[in-house]
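Engineer: Work the whole structure out from these sequences, hints included.
Residue 57 in numbering that gives the first Met the number 0 sits at position 58 of the sequence shown, and the numbers go up by one each step.
Pairwise CB distance ranges (calculated):
| hint | residue 1 | residue 2 | range |
| --- | --- | --- | --- |
| 1 | Trp81 | Pro107 | 31 to 39 Å |
| 2 | Arg74 | Ala122 | 19 to 27 Å |
| 3 | Lys82 | Pro50 | 23 to 31 Å |
| 4 | Leu126 | Ala48 | 27 to 35 Å |
| 5 | Ala125 | Arg99 | 21 to 29 Å |
| 6 | Lys55 | Asp105 | 29 to 37 Å |
| 7 | Gly139 | Arg101 | 50 to 58 Å |
None of these hints come from the bench; they were simulated from the model.
In this text the structure is predicted, and so the values were computed from the model without any measurement.
Glycine included, C-beta positions come from ideal geometry on N, C-alpha and C.
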Amino acid sequence: MTDALAAPLPAAAPVAKRAWLQFTGPGCRTELRLGAFLVLTGTFLWNFAGPSLAMKLAIVGLPLLLVGTVLQALRAGHAYPWKLAVAMLLLGLPMCWDFRYRDAPDGPLNLLLVGPILAISGAWLALWWPVALRQARRAGVAA
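Structural biologist: Below, the structure is given as structure tokens:
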């Protein structure tokens, strides 16, 4: 019995380096991931799934993303998806300009809402990023 305790412990597995193109880390909340997935699905599949289904997906995902962002930012010591914030903001802003249309040449200028929803999601994530950094510094964990 004492021989088993005196045996050397197995070496810990090396920590895998995080991929450069990975937008969320292992500590990211499920609400945030699912909400971002639904917003991105509604944004980029509107042409295939149709505008009504795409907007429903984006609108269902938006509250999940909004709540998950706040909970993730206030949770000290866990990775914050800042790459997702930058990507959504940089892709959503040009879409706001690009997705303008007129039904008739003299008609009013309309805007497809997938671009603004993506930009608002990215801006919301970017807005809470400093809070997440401050919480991680208080906890003494590298963000």
